[in-house]
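Chemist: Here the sequence shown is numbered in full-length UniProt numbering, starting from 1 and rising by one per residue.
Among the hints, a few may not be true.
[To be verified] Each pair of labels, with its calculated beta carbon distance range:
hint, residue 1, residue 2, range
1, Pro215, Asp104, 47 to 53 angstroms
2, Leu29, Gln2, 35 to 41 angstroms
3, Thr118, Arg169, 31 to 37 angstroms
4, Leu37, Lys4, 35 to 41 angstroms
5, Glu171, Gln121, 29 to 35 angstroms
6, Thr207, Gln2, 52 to 58 angstroms
7, Ala73, Val24, 46 to 52 angstroms
8, Met60, Glu171, 39 to 45 angstroms
9, Ser165, Ala73, 28 to 34 angstroms
10, Leu99, Met156, 31 to 37 angstroms
11, Glu71, Leu37, 47 to 53 angstroms
12, His26, Glu66, 41 to 47 angstroms
13, Glu22, Pro215, 52 to 58 angstroms
14, Glu82, Leu20, 49 to 55 angstroms
It should be emphasised that the hints constitute simulated quantities derived from the structure, not laboratory data. Positions of the beta carbon are idealized from the N, C-alpha and C atoms, including for glycine.
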Amino acid sequence: MQYKRIKWLILWIPTATIALWEYVRHAFLLPYISMDLGNLLAPVIVLVVTLTLVRGLMRMLEEAHESLQRERAVKAALVEREQLARELHDGISQSLFLLAVKLDRLERETEGGAAAQTAVQLRGTVRRVFEDVRQSIANLRSEPSLADTEWMQPVMLLAEELERSDGLRVEMDWRLSELGLSSKQKVELIAIIREAMLNVQKHAGATRMLVRTEPAEGGGFRCTVEDDGAGADMDELMAKGRYGIRMMMDRAKEMDWQLDIGRVGGPAAREERGGGLRVELSSKEGA
Numbered sequence: 001m002q003y004k005r006i007k008w009l010i011l012w013i014p015t016a017t018i019a020l021w022e023y024v025r026h027a028f029l030l031p032y033i034s035m036d037l038g039n040l041l042a043p044v045i046v047l048v049v050t051l052t053l054v055r056g057l058m059r060m061l062e063e064a065h066e067s068l069q070r071e072r073a074v075k076a077a078l079v080e081r082e083q084l085a086r087e088l089h090d091g092i093s094q095s096l097f098l099l100a101v102k103l104d105r106l107e108r109e110t111e112g113g114a115a116a117q118t119a120v121q122l123r124g125t126v127r128r129v130f131e132d133v134r135q136s137i138a139n140l141r142s143e144p145s146l147a148d149t150e151w152m153q154p155v156m157l158l159a160e161e162l163e164r165s166d167g168l169r170v171e172m173d174w175r176l177s178e179l180g181l182s183s184k185q186k187v188e189l190i191a192i193i194r195e196a197m198l199n200v201q202k203h204a205g206a207t208r209m210l211v212r213t214e215p216a217e218g219g220g221f222r223c224t225v226e227d228d229g230a231g232a233d234m235d236e237l238m239a240k241g242r243y244g245i246r247m248m249m250d251r252a253k254e255m256d257w258q259l260d261i262g263r264v265g266g267p268a269a270r271e272e273r274g275g276g277l278r279v280e281l282s283s284k285e286g287a
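Please take these sequences and the hints and turn them into a complete structure.
Modeler: In structure tokens:
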């Protein structure tokens, strides 16, 4: 039912109820119901109609309003994402492409020298950054879905991309429902998980990764990203010029979540520098 029609029905039903009652009372019930009793029954009848018909219409009105607000929010987010994607494409993406072209020229002009080797390394770095930007543009231009069952799609799509492009086996154990999570919590949670997965791709040298999400006892949730790679020290992960771990920590701190980073297998594995990296994110009840 249309939003405006629901509002008009809510306004007119009590009025129509009183008018119908007065007509029936004066036309048919005057010999049986006194004036005082009829006046007493009028508000009772209006109350009964309000608790049945009008209350249902109010609920429908609230649902229609919430649906309209969600559509507006998605539309606004889509406009912002498209604008950001355009800025990335017109700015950073094109600059990286030109930089790659210049590095190719530098490699040809210094063929066989130390500068050529440096140019090759720089070109590889530029190519990886370019692919990250390209993936970000693709994600920004994908239309956000209103379906609650698809809110984790960015993680699923990244897992497919890692398996296709890097041969990294990604196992998903997703038991976390969207119920009880706000829109901001969903966005921050997905962003942290994606960053953890990208860190595995870039730094772990892993062949297998496990992403697990589950509700925690007593409320909240727990998310874990593990890999079978060589691992890394926190000093290396927090080194200057690396922002992935810092971004994850900042997001978790802002949401009052706990973020723990360690080695798979605990202290023994940490001492031997064996086992992959384990990133665990957890929230408190109601956080």
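Chemist: It remains to establish, for every hint, whether it holds in the given structure.
Modeler: A quick look at each hint next to the structure:
Between Pro215 and Asp104 the beta carbons are some 51 angstroms apart, a value that agrees with the proposed interval 47 to 53 angstroms. Checking the proposed 35 to 41 angstroms range against Leu29 and Gln2 shows it holds: the Cβ atoms sit about 36 angstroms from each other. Checked against the hint of 31 to 37 angstroms, the C-beta distance between Thr118 and Arg169 comes to roughly 34 angstroms, which is consistent with it. A hinted range of 35 to 41 angstroms for the beta carbons of Leu37 and Lys4 is consistent with their spacing of about 38 angstroms.
Separation of Glu171 from Gln121 is about 33 angstroms and conforms to the stated range, judged on CB atoms against 29 to 35 angstroms. A beta carbon spacing of about 56 angstroms between Thr207 and Gln2 agrees with the range 52 to 58 angstroms that was offered as a hint. The given range of 46 to 52 angstroms is respected by Ala73 and Val24, whose C-beta atoms sit roughly 47 angstroms from each other. Met60 and Glu171 have their C-beta atoms about 43 angstroms apart, which keeps the hinted 39 to 45 angstroms range intact.
For the hinted restraint 28 to 34 angstroms between Ser165 and Ala73, the CB-CB distance of approximately 32 angstroms keeps it satisfied. Here the CB-CB span from Leu99 to Met156 is close to 32 angstroms, well matched to the stated 31 to 37 angstroms. For Glu71 and Leu37, the hinted distance range of 47 to 53 angstroms is satisfied, since their beta carbons lie about 50 angstroms from each other. In this structure the hint that His26 and Glu66 lie 41 to 47 angstroms apart at CB holds, the actual value being about 43 angstroms.
Between Glu22 and Pro215 the beta carbons are some 56 angstroms apart, a value that agrees with the proposed interval 52 to 58 angstroms. In this structure the supplied range 49 to 55 angstroms holds for Glu82 paired with Leu20, their Cβ-Cβ distance being about 53 angstroms.
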